[in-house]
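Peer 1: What follows is the residue order along each chain.
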Amino acid sequence: MEKERILIIGGGPAGLEAAYNLAENNYAVTIFEKDTEIGGNIKKWVKLFPDFGDAAEVRKNFKDKVTRQDIDIKTDISINELYSENGKWFAKNSSGNVYEGNAALLATGFETFNASRKEELGYGIYNNVITSVEFEQMYKTGKIITAEGKTPERIAFLNCVGSRDEKVGNHYCSRICCINAVKQAIEFKELVPDAEAYCFYMDMRMAGQFYEELYRKSQEKFGVTYIRGRISEAAGTIDNRIQIKSEDTLTGLPLKMTVDLLVLMVGIESSDSTTALAKQNEINGEYGFAKSVGLHGSDNLTKKEGLFLAGSCKRPLTLPETIADGRAAAIQIIEFLKLKVKN
Amino acid sequence: MKNWGYKISKPRGIDLDTANIKEFDKLAEKVPSAKRCLMCGACSATCSATNHTDFNFRKCHLMFRRGQFENISEELDKCMLCGKCKLVCPRGVNTRAIIYNMRIFLNNMDYKNI
Ligand code: SF4
Ligand code: SF4
Ligand code: SF4
Numbered sequence: 031m032e033k034e035r036i037l038i039i040g041g042g043p044a045g046l047e048a049a050y051n052l053a054e055n056n057y058a059v060t061i062f063e064k065d066t067e068i069g070g071n072i073k074k075w076v077k078l079f080p081d082f083g084d085a086a087e088v089r090k091n092f093k094d095k096v097t098r099q100d101i102d103i104k105t106d107i108s109i110n111e112l113y114s115e116n117g118k119w120f121a122k123n124s125s126g127n128v129y130e131g132n133a134a135l136l137a138t139g140f141e142t143f144n145a146s147r148k149e150e151l152g153y154g155i156y157n158n159v160i161t162s163v164e165f166e167q168m169y170k171t172g173k174i175i176t177a178e179g180k181t182p183e184r185i186a187f188l189n190c191v192g193s194r195d196e197k198v199g200n201h202y203c204s205r206i207c208c209i210n211a212v213k214q215a216i217e218f219k220e221l222v223p224d225a226e227a228y229c230f231y232m233d234m235r236m237a238g239q240f241y242e243e244l245y246r247k248s249q250e251k252f253g254v255t256y257i258r259g260r261i262s263e264a265a266g267t268i269d270n271r272i273q274i275k276s277e278d279t280l281t282g283l284p285l286k287m288t289v290d291l292l293v294l295m296v297g298i299e300s301s302d303s304t305t306a307l308a309k310q311n312e313i314n315g316e317y318g319f320a321k322s323v324g325l326h327g328s329d330n331l332t333k334k335e336g337l338f339l340a341g342s343c344k345r346p347l348t349l350p351e352t353i354a355d356g357r358a359a360a361i362q363i364i365e366f367l368k369l370k371v372k373n
Numbered sequence: 002m003k004n005w006g007y008k009i010s011k012p013r014g015i016d017l018d019t020a021n022i023k024e025f026d027k028l029a030e031k032v033p034s035a036k037r038c039l040m041c042g043a044c045s046a047t048c049s050a051t052n053h054t055d056f057n058f059r060k061c062h063l064m065f066r067r068g069q070f071e072n073i074s075e076e077l078d079k080c081m082l083c084g085k086c087k088l089v090c091p092r093g094v095n096t097r098a099i100i101y102n103m104r105i106f107l108n109n110m111d112y113k114n115i
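Protein chains in written order, with our numbering: chain A, 31 to 373; chain B, 2 to 115.
If you are wondering where the hints come from, they were derived from the structure by calculation, not from laboratory data. Fair warning: there could be bad hints in the mix.
Claimed, not checked - DSSO-like mimics (lysine-lysine), calculated; alpha carbons at most 30 Å apart, straight line:
hint, chain 1, residue 1, chain 2, residue 2
1, B, K8, A, K275
2, A, K247, B, K31
3, B, K87, A, K275
4, A, K247, B, K8
5, B, K87, A, K173
6, A, K286, B, K23
Unchecked claim - Anything over 12 Å on all C-beta distances counts as not near chain B; from chain A, calculated:
hint, residue
7, K104
8, E149
9, I175
10, T181
11, E226
12, T255
13, T279
14, I361
15, K372
This structure is a prediction, so every number in the text was calculated from the model and none was measured. Ideal Cβ positions, reconstructed from N, Cα and C, are used throughout, including at glycine.
Could you put together the complete structure from these sequences and hints?
Peer 2: This is the structure we're talking about:
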């Protein structure tokens with residue numbers, strides 16, 4: 031008998047973990063990845079919080095796990111349409127090819143906030159205002175420098191860019207950027223111990239194992255200075271530095287300072303494919319994310335029979351949560367397919 | 002002097018480009034635990050002096066950190082060095098040592114001219 035096939039949209043950690051577990055349970059899998067390489071957002075990272083784990087290593091392990099005959103990986107393919115007919119699921123790409131499966135898993139992940147939408151922060155205007163993703167790419171080269179090639183003497187990180195902000199329509203917290211700021215501030219101080227590192231925050235949300243400890247270490251061992259206040263504006267100076275203004279809310283005084291580099295901790299937003307495919311299937315939730323049936327116990331199910339969800343297409347999730355969710359989705363899919371055979 | 006009906010007010014606010022923030026580094030060398038202060042305010046909440054005057058140790062500490070030294074000396078005179086603040090601190094900050102050392106630093110520097 032031919033194996034039943036599951037269509038997985040998205041070759042990031044959620045999709046890959048689900049694929050591996052389905053294949054281990056004797057199902058055939060097709061993964062559709064829009065990029066040239068699988069790995070999703072991990073591709074952008076060098077070290078992972080909170081343990082400074084090697085992102086390349088994590089990617090390699092995934093690749094090894096899913097490189098097998100029963101997993102068909104189709105890269106450079108964007109799925110534009112996802113629909114069901116007579117109990118089967120179909121995925122159609124931009125050139126009109128249609129792929130068929132017995133169930134479908136949406137694992138289309140997230141995209142980071144486009145920082146130029148917050149014009150007052152100067153991203154896209156001043157070269158020395160960068161995003162946390164660009165910091166990561168620069169870190170890959172082994173040094174952090176300004177647009178002029180100078181080693182910064184002062185760097186500032188600004189939390190909650192594109193999150194917790196009604197002005198951009200995102201009321202939610204992205205959950206990963208606080209700890210990422212702590213991680214990147216430490217990485218910077220390791221590279222340039224004599225420089226000053228500042229982090230502007232509204233709340234330090236250290237709600238993960240070892241997050242608080244890392245925050246404490248960043249203060250105690252690395253001397254990172256935390257200022258509670260949201261930067262209201264950033265302006266370029268004549269020597270291409272960045273002048274920032276905020277309130278130091280714990281002193282109750284306005285505060286200004288000039289930095290060599292300003293790093294915007296961009297939040298998580300729903301990816302375009304998540305939003306489009308969720309809408310087509312009427313499982314669109316808030317902020318463009320896909321909506322599961324319920325948080326407690328049915329978080330991988332959708333109201334569409336045979337369509338499942340995994341990972342940060344639902345909401346901002348950390349990497350370990352995403353991986354666990356991929357595995358959970360696989361179990362739900364297996365249960366569903368077994369029940370179908372029985373009936 | 003002629004009264005024009007308005008006066009020029011001193012700029013209020015912290016300018017970290019000109020403030021002397023290195024003084025805190027020296028303080029932190031003496032009292033390393035100062036670096037891990039969260040500014041939670043438990044110390045001031047429990048302080049008897051804070052409850053009866055406008056003295057606030059947390060704020061004095063933060064102002065020192067930001068290089069805003071004016072009035073801190075006078076404020077610190079209200080502290081009795083009783084150590085109650087140290088008992089409640091969730092980050093184990095040696096608050097009393099900070100107060101003691103801030104006084105020494107402030108005595109030794111002509112902070113009004115910084
Ligand atoms: S994790 Fe931190 S930086 Fe990110 S949105 Fe939440 S509070 Fe803001
Ligand atoms: S109780 Fe401790 S951590 Fe909190 S403000 Fe006072 S010294 Fe800082
Ligand atoms: S040592 Fe000073 S600041 Fe601390 S509780 Fe006593 S009076 Fe207040």
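Peer 1: Tell me, in ascending order, the numbers of any earlier hints that this structure violates.
Peer 2: Violated hints (numbers, rising): 3, 4, 5, 11, 12 and 13; every other hint is consistent with the structure.
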